[in-house]
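Student: Mind docking chain B on chain A? Use the hints.
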Amino acid sequence: MEGLLVSSKPKIKELLVESACEHNKGHKKGPCNTPTPGATTGGCALDGAQIALFPFADAAHLIHGPMSCVGGAWETRLTPTSWPGRDLTQTGFATDINTNDVVFSGEKKLAEAIDHVITHYAPEAVFVYSTCVTALTGDDIDAVCRQGSERHGTPCVPVHAPGFVGAKNLGSRIAGEAVLRHLIGTKEPEDTTPFDINLIGEHNNTGELWRYRHLLEELGIRVRSTFSGDGRIASIRTAHRAKLNVIVCAKSLISMTRKMEEQYGIPWISCSFYGMTDTSNSILAIAEALGDADLIARTRALIAREEARLEETLIPYRAVFAGKKAVLNTGGNKSWSIASALQDLGIEVVATSVRKSTEADKAKARQYLGEDAILMTSPASQQAQVIDDTGAHLLLAGGRSLYTAIKKRIAFTDVNQEKKKSYGGYDGLLVLAEDLKNSLQNPVFELVDRKAPWRK
Amino acid sequence: MAEVRRKTGKPLQVNPHKLSQPMGATLAFLGVDRCMPLMHGAQGCASFTKVMFTRHFCEPIALQTTAVTDVTAVLDGGDYSITESIKNIGDKVSPALIGVHTTGLTETKGDDLRGVASKIEAPLVYVNTPDYQGGLESGWTLTVQALIEQLTEPCERTDARKVVLVPHVSMQPIEVEKLREFIEAFGFEVVAVPDLSSSLDNHLGEKQASLSGGGVTVAELEGLADAGTVVTVGASVKPVGATLQKKNPAIRHRHFAHVSGLVGTDELVAWLLETSARDTPPAVVERWRKRLQDAMLDSHFSIGQTRFLLVAEPDHLAAMAASLREVGGKVALAIATVDSPVLGAIEADRVIVGDLEDAEQLCDDYDIIIGNFHTEALAHRVGKRAVMRGFPNYEEIGSALKNDVLYEGGAYFLFDIANAAERMREAEVHHARERIKQQGAAA
Chain A
0 MEGLLVSSKP KIKELLVESA CEHNKGHKKG PCNTPTPGAT TGGCALDGAQ
50 IALFPFADAA HLIHGPMSCV GGAWETRLTP TSWPGRDLTQ TGFATDINTN
100 DVVFSGEKKL AEAIDHVITH YAPEAVFVYS TCVTALTGDD IDAVCRQGSE
150 RHGTPCVPVH APGFVGAKNL GSRIAGEAVL RHLIGTKEPE DTTPFDINLI
200 GEHNNTGELW RYRHLLEELG IRVRSTFSGD GRIASIRTAH RAKLNVIVCA
250 KSLISMTRKM EEQYGIPWIS CSFYGMTDTS NSILAIAEAL GDADLIARTR
300 ALIAREEARL EETLIPYRAV FAGKKAVLNT GGNKSWSIAS ALQDLGIEVV
350 ATSVRKSTEA DKAKARQYLG EDAILMTSPA SQQAQVIDDT GAHLLLAGGR
400 SLYTAIKKRI AFTDVNQEKK KSYGGYDGLL VLAEDLKNSL QNPVFELVDR
450 KAPWRK
Chain B
0 MAEVRRKTGK PLQVNPHKLS QPMGATLAFL GVDRCMPLMH GAQGCASFTK
50 VMFTRHFCEP IALQTTAVTD VTAVLDGGDY SITESIKNIG DKVSPALIGV
100 HTTGLTETKG DDLRGVASKI EAPLVYVNTP DYQGGLESGW TLTVQALIEQ
150 LTEPCERTDA RKVVLVPHVS MQPIEVEKLR EFIEAFGFEV VAVPDLSSSL
200 DNHLGEKQAS LSGGGVTVAE LEGLADAGTV VTVGASVKPV GATLQKKNPA
250 IRHRHFAHVS GLVGTDELVA WLLETSARDT PPAVVERWRK RLQDAMLDSH
300 FSIGQTRFLL VAEPDHLAAM AASLREVGGK VALAIATVDS PVLGAIEADR
350 VIVGDLEDAE QLCDDYDIII GNFHTEALAH RVGKRAVMRG FPNYEEIGSA
400 LKNDVLYEGG AYFLFDIANA AERMREAEVH HARERIKQQG AAA
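Going down the list, the protein sequences come from chains A and B.
Note that numbering that gives the first Met the number 0 has the first sequence beginning at 0, numbered continuously upward.
Note that numbering that gives the first Met the number 0 has the second sequence beginning at 0, numbered continuously upward.
Bound conformation, chain B alone:
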């Protein structure tokens, strides 16, 4: 498989695409209904995060900060700033849940989050997410685990029809919805944890950003342990299966590295057929499979002659690389934000943990870039074309409704990429013609 480099070997990040662990935690809490994420750090930690998600989703974002100052950093162990924050939040809104997550600052000063949380009456879940460890994926996963550990009530019976779905952090709101509905179409009842599909799906809401405007409810979180199965999608959230099983060892755990492309979706469907004891999938699923087959044939010529650079979170890389490989796309280089067990399984010539400086140095290896908005400027610098995927995307609107998963999204993804590749080649032909004309005029 791929050549994998798991360490950057540099003393710094230049043009980083890596995002922090508290950012992942914030996003996970935003997938809980009527939640107020509370970042325990200096006001900037929350502000940078809020600005990023506001711009990515084009939505106001609910997020508060304990606003640790130099004085409280030294004198307070979190007792004052967290308690005071919860009181002040309660003066304005009545959250169903407060999601306290730490930062590098409050972890370095060594706050006893658990001790503080035990003294607070308000509904609260806490999670330790220092930003000098991990990244967006781990912050998301740690938060999902904390939600289950601290809220879910142990249970002994299971309901075979109930599925708990845990998506990885890079799945956009519409993708979570499509996957949930896909599983539901086989006769299951699905609870997604977290569920961004009803909170950050670009719907027009009235009370803007006073609290998260949708998501999995606290009651649903409390009652997760009677599920028949927990389905995890993405290596980063695989450990959540075991977390839920601690609440009820009878729950079965089914893991998928991704649900992208023909093979990836086929695997999910095969399992759904088996588990639901159905012989055939719903008609709409069959129809979309045929459309994807057609899309694969329509796009293979273009994508099959194109070399790609993918820049994303590890689970997102695995999903996109699989889709492209199915139609002959050459993933020359995949750059991950952080190390992950999935890196070795990514279908690429070379996989590295790195930054966009690495991407720039290796620019002879690829034609098309797929990555977050920073890759747009990179593409201009190195004379390539970029397609925007992943966090954050400030260049485009509509990111929350961009669907790349399952048969349906897979078809749209291939169209997007093939069209970008064709436009790039057309531009090259145009430039070549212009050059010939100019040479002719000069002669």
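So here's chain A without its partners, still in its complex pose:
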């Protein structure tokens, strides 16, 4: 509990200029944090912190702020858990501050709210999130959390991610910082193995983690803790004893793994579990990083087995996808990770969006897609022309691009479907294949743009 007594706000500047983050190469200021008034989309730091921490289903998530900050957002994170107790990921807690709290401080209310949460829901920890209003009025959530921890013996962790400090990405880093400062290293594990790893940035969205964790376990690689999918507070507190940190598709948490390397000597690697190729590469990379010859040999055997199994189940789809071309309009690392999955299915990816990608993502997209592919920097205005030029059969994008597909009479798949279903790991590729097949064979995209009977 000693560590819990020392609590202070993260250094925003330091998080913004993360040296290991690709976004920051070649920039003087922190480019991750410059929202333009009237031309900004995407969530705030609080949103990012929620995304990062809400998957801890054994911890309560208490938002100290008004209803905008949680009203439409709770119970929306599809991050399942195997925690046998009440699923607190899907339980909304908010102090719902009123004028009185703004004028006279909401600290007393917050303290009482913490009491209520711990008394009625017995969480393993309480994450207390500040918001713009309570940050501005200066409620001392550090002190309230410290006193709450002392009063109940349950860690109360302040998360200083009010929305105005930046975008989702920064909020995710702040969440990592809070866990690093207040939880990691506060407990010693009962046993350790040479193959203990932490999965950082794996939120188990739609059960993605469960698509590959059993394979790691089969190899004797033990997932000591996850940040934060299907996570447990008790295990994240022992995360400092892992032998390797694996970042899963989350650049924003590089600060966390870099600091864990500095503080605890844990090396880190970055992985993606989208598609067959990436899943195989990632599992092998983990084995290689753990550096055991026998483990590596067994890993190669497992990969061969899984790939052979998958190839066989994919045979019926091969005919459907043969000769099909796709345009991909999505952001960040998805620009290449989904592309890789599509290629595994035998679909040619003729264009992808690199609008929000880092330099490394762009290079990777180029490497995956080849010299002839189009890297779209302004996909919204480019994609219709690109579809014409390439003769693409399928557009994978967010809902806003649906009309482009209909106008071009080609099949459309909402890439955000993966928020409802998992496309991760070997088995996820089958799910993706089925969804794409259904899209390609669905008559709706041609029918819906049919000329109305009264139009000549």
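For the record, the hints were derived by calculation from the structure and aren't laboratory data.
Mixed in with the good hints there might be a few duds.
With a straight-line cut-off of 27 Å between C-alpha atoms, the simulated DSS-like cross-links for lysine-lysine are [stated by the list, open to error]:
| hint | chain 1 | residue 1 | chain 2 | residue 2 |
| --- | --- | --- | --- | --- |
| 1 | A | K418 | B | K329 |
| 2 | A | K407 | B | K91 |
| 3 | B | K329 | B | K246 |
| 4 | A | K107 | B | K9 |
| 5 | B | K91 | A | K355 |
| 6 | B | K6 | A | K107 |
| 7 | A | K436 | A | K406 |
| 8 | A | K10 | B | K108 |
| 9 | B | K91 | A | K406 |
| 10 | A | K418 | A | K406 |
| 11 | A | K419 | B | K401 |
| 12 | B | K108 | A | K107 |
As the structure is a computational prediction, the values presented were derived from the model and not from experiment.
Tutor: Below, chain B alone, put in the same frame as chain A:
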């Protein structure tokens, strides 16, 4: 009448269904044609709101943010961030109106919205909607009042045929349309303010979400004050009547708490007949009344033996409770998001301002839940059945086209509820039989 508890008595909300005032303001602006709602706050305030309405309506939503940062929060009084936003919006689209609404953040730092707005040339309406006050209903109403106060030109003559219709926030787009057409069928010309029926009614549009794709036009808003009557539906929008009357004291104000069920619709029809000097309603109205009468008789057996929990905005509670009571439904508990003058008039055993934790604790009191998508998980936890109504509904598609009002919608509403109640009872019978079988097998 009902036992009413107007305060939660808790230091927090657990599993809240309450939504914020700026969210109500955004939705109201989305009912104005070619409008860009501009939320004055941190980017997350707008993002959370946009995501919520996008998922509820299954439509892209036009909404921008002034993206206040920690630096502008301290150094700027809104002059920079609002002016800059309007310039940047103008670079991409040409809105007929920009709807600036504040949040807790910008109210706490004390921006002088009115002062900033007075210096801006672009067509703009501003409204103060801190999210530490009120809720979805008040944000909607304040915005409607701001639209009228700032856009409507004063007028001295009235056109008896013209009706301004102000629906409460929980009326879905198709319900606004049905009500507008219903009044029009009596020979009136109706302007709905706001009008979600042509903007968020799930129609396929080309320019997706660059601006609101329909709604009441700015020209119509400017010319509201020659209406003969302003009709407000729902206690939350009642004050709008007086707001419009300030522009023209000759306008008559007719208020309805709701337009649901047989009695509620009868009251509207009686008034429409009187005002239009007609003896009989249009034939289609008569026909739907007969269908509703039949639906009431067909559904009364099922609904009459069912105890309900309603979870919604106050005006929505009043409307649904009235419909259910007409066929003997026992509204055991109604949980409102916020306090409202209408709470005392809701036909329920108990009315409280509260959250879904309250609902869970009182789960012995009811069989069927009617509420937003959060009540689905609640129903699973407490072993009940839920029917989705209200904001937000992420569980189902088609919310915008779900009609519960007037004779017509009233019939569909009763069918929906009665069928849900029957399915629940059938499931109970099935489980009981399975248990008996298992006991038989074990013996």
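Student: Under the criterion that the straight-line Cα-Cα distance not exceed 27 Å, is the pair A/K419, B/K401 satisfied?
Tutor: Judged against 27 Å, a Cα distance of about 24 Å means the pair holds.
Student: Verify the proposed pairing of A/K107 with B/K9, using a straight-line Cα cut of 27 Å.
Tutor: Distance of about 12 Å is within 27 Å: holds.
Student: Please verify whether A/K10 and B/K108 have alpha carbons no more than 27 Å apart.
Tutor: holds, 23 Å
Student: Given the hint that B/K91 pairs with A/K406, does the C-alpha gap stay at or below 27 Å?
Tutor: Status holds; Cα separation ~22 Å.
Student: What's the verdict on B/K108 and A/K107, does the C-alpha distance respect the 27 Å limit or exceed it?
Tutor: Within the cut-off at roughly 22 Å; holds.
Student: Given the proposed pairing of A/K436 with A/K406, does the C-alpha separation stay at or below 27 Å?
Tutor: With Cα atoms ~20 Å apart, A/K436 and A/K406 stay inside 27 Å; holds.
Student: For the pair supplied as a hint, A/K418 and B/K329, is the alpha-carbon distance within the 27 Å limit?
Tutor: Violated: A/K418 and B/K329 sit about 39 Å apart, past 27 Å.
Student: So if I understand the rule, the pair passes when the alpha-carbon distance is 27 Å or less; does A/K418 with A/K406 pass?
Tutor: Between A/K418 and A/K406 the Cα gap is close to 26 Å, so the pair holds against 27 Å.
Student: If you draw a straight line from the CA of B/K91 to the CA of A/K355, is it 27 Å or shorter?
Tutor: Holds: B/K91 and A/K355 sit about 19 Å apart, inside 27 Å.
Student: Hinted pair, alpha-carbon criterion (27 Å max): B/K6, A/K107. Please report holds or violated.
Tutor: Holds, at about 18 Å.
Student: Need the status of pair A/K407, B/K91: alpha-carbon distance at most 27 Å?
Tutor: Holds - the C-alpha atoms of B/K91 and A/K407 are around 24 Å apart, at most 27 Å.
Student: Does the alpha-carbon distance linking B/K329 and B/K246 stay inside the 27 Å limit?
Tutor: Not OK: B/K329 and B/K246 at ~43 Å, beyond 27 Å, violated.
In this structure, the hints that do not hold are numbers 1 and 3, in rising order.
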